[in-house]
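**Q** This is what each chain is made of:
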Amino acid sequence: MIRVEHLSKKYGDLTVLKDITIEIKKGEVISIIGPSGTGKSTFLRCLNLLDQPSGGSIHIDGIDILQPKADVPKIRQKMNMVFQSFNLFSHLSVLENLTIAPIKLRGMSRQNAELKSLELLRMVGLGEKADSYPDELSGGQKQRVAIARCLAMEPEIILFDEPTSALDPTMVSEVLSVIRRLTKEGMTMVIVTHEMDFARDVSNRVLYMDEGLIYEEGTPQQIFENPQREKTRAFINRIRSFNYLINSPDYDLYAMNAEIEAFCEKQILPRKTRHNLLLLVEELLQIYHPLLDRTLLDMTLSYSERKESLELVLESTGEAVNPLDKNLLPDELGLTIINSLVEAIDYQRVDNRNRLTLTVKKG
Amino acid sequence: MEIQTKKESNATVVTITGRLDAVTAPEYEKKLNELIDDENICFVVDFAELDYISSAGLRVLLATAKRLKGKGGQIRFANVKGTVKEVFDISGFGSIFQMDDTVADALAKIG
Chain A
0 MIRVEHLSKK
10 YGDLTVLKDI
20 TIEIKKGEVI
30 SIIGPSGTGK
40 STFLRCLNLL
50 DQPSGGSIHI
60 DGIDILQPKA
70 DVPKIRQKMN
80 MVFQSFNLFS
90 HLSVLENLTI
100 APIKLRGMSR
110 QNAELKSLEL
120 LRMVGLGEKA
130 DSYPDELSGG
140 QKQRVAIARC
150 LAMEPEIILF
160 DEPTSALDPT
170 MVSEVLSVIR
180 RLTKEGMTMV
190 IVTHEMDFAR
200 DVSNRVLYMD
210 EGLIYEEGTP
220 QQIFENPQRE
230 KTRAFINRIR
240 SFNYLINSPD
250 YDLYAMNAEI
260 EAFCEKQILP
270 RKTRHNLLLL
280 VEELLQIYHP
290 LLDRTLLDMT
300 LSYSERKESL
310 ELVLESTGEA
320 VNPLDKNLLP
330 DELGLTIINS
340 LVEAIDYQRV
350 DNRNRLTLTV
360 KKG
Chain B
0 MEIQTKKESN
10 ATVVTITGRL
20 DAVTAPEYEK
30 KLNELIDDEN
40 ICFVVDFAEL
50 DYISSAGLRV
60 LLATAKRLKG
70 KGGQIRFANV
80 KGTVKEVFDI
90 SGFGSIFQMD
100 DTVADALAKI
110 G
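Line order of the protein sequences matches chains A and B. Under numbering that gives the first Met the number 0, the residues of the first sequence are numbered 0 to 362, in order. Under numbering that gives the first Met the number 0, the residues of the second sequence are numbered 0 to 110, in order.
Honestly, I wouldn't trust all of these hints.
Stated by the list, open to error - Here are the simulated BS3-like cross-link-like pairs (lysine-lysine), alpha carbons at most 27 Å apart as the crow flies:
(1) Lys360/A / Lys84/B
(2) Lys5/B / Lys70/B
(3) Lys271/A / Lys230/A
(4) Lys271/A / Lys5/B
As the list claims (entries may be wrong) - If you want the footprint, here are the derived chain A segments under chain B, 3+ residues with CB under 8 Å:
(5) 128 to 135
(6) 331 to 342
It should be emphasised that the hints constitute simulated quantities derived from the structure, not laboratory data. Here the structure is a predicted model, which is why all the values come from computation and not from measurement. Heads up, the beta-carbon is just placed ideally off N, CA and C, and yes, glycines get one too.
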């Protein structure tokens, strides 16, 4: 359906896309992941010519759309886009947002356009909002209207450019469930997203973009469970782990807690697990506290979805000593709590550092 | 953490809200000590609005209870539940303190 060969895009001296070659088949759902600034959105914008590529070719159903004679508006009707910032027409009602393009570009009658649009609004759960205006809607509702607007033109392919990134976390799932439904209906989709669980769940293929290239691609299982290349591994590990450096006894417990909570939220860990993790971290840091004026403490929290396990590793500089040695503690209260929260504790001396590895009990 | 106090006929009810942890435990200890210095020796601590407690919190509860005992006073805990109760149980503190289901029950048991 879409064949891209050696696509490149430069802005002056800055090369954003170096050399992109990919084929997207009808009915495929492709997620594009990767760090910010690696050209993911630029790639989508080149696909539907919102940005003009610097080189290469894009064939849609055999037609090279970069040729001067290409019928760009017609191509855009085949391939529609949902944006991070919704881009609804604020001066038009929700229904008018959906009907304007079918009426003006496809010559549909108002009556038919409205009938079809109402059906689409009902499909995204917003039938009763037809006469509302965009500024009366929540972010999640706006994005669902944007998706319905996209569908009103009966596209063959939908491009999603970070459809949930501008949304409050509470609204993300309502939009993802609409997108999920479209995948089940066989729509061809290319989705740039930071929602890794969603990408893993709905995609046939995942592209990891970095260095201006499709750095690695594979099935969701290949990319998320078994990434082969270094940068993919680092990216996947980063989203699955959290690191915090403590170099003073005056560390901000609440700032650290907020970051741990954000990490738990991303991994969709149960409330109980989050509570236990925060308690475990506080108890450990209380034990380390007397050492923190002369010791650097490096804390890494990682979650393996495959094993459903949460591991906490604390590495500290200084003399060889197990910080949890009860003979060194003023009382056993903290250690008792720690032992109740973990499945296993391991102490090792590695590279002149004391390393404690704790496996958190499943909540 | 917020601490509210209310004087009843036979005790002072101390309601703690939020977290009793390494950051807030000193504040609790200071408040209780001020109340004890002010000749209050019977307390009911209401845990209904407390979401979280760590060993730092347990230690100040113990320290203030010990101080009260030295003065012939009493302290009872009411509405200890959920994850806070679990921490009490894990640490064995559940059996050290006098615990009641409600503030009214606790006040009734204060001699």
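**Q** Holds or violated: Lys5/B and Lys70/B, Cα atoms, limit 27 Å.
**A** Holds: Lys5/B and Lys70/B sit about 21 Å apart, inside 27 Å.
**Q** Quick check: do three or more residues in the segment 331 to 342 of chain A have a beta carbon closer than 8 Å to a beta carbon of chain B?
**A** Answer holds; 5 residues pass the 8 Å Cβ test.
**Q** Given the hinted pair Lys360/A and Lys84/B, is their alpha-carbon gap at most 27 Å?
**A** holds (18 Å)
**Q** Within the assertion that chain B covers the segment 128 to 135 of chain A, do at least three residues meet a Cβ-to-Cβ distance smaller than 8 Å?
**A** Result for this restraint: violated, n = 0.
**Q** Quick one, are Lys271/A and Lys5/B close enough, alpha carbons at most 27 Å?
**A** This hinted pair is violated, its Cα atoms lying about 32 Å apart.
**Q** When you check the alpha-carbon spacing of Lys271/A and Lys230/A, does it fall within 27 Å?
**A** Measuring from Cα to Cα gives roughly 33 Å; hence the hint is violated.
Checked against the numbered hints given earlier, this structure breaks hints 3, 4, 5; the rest are met.
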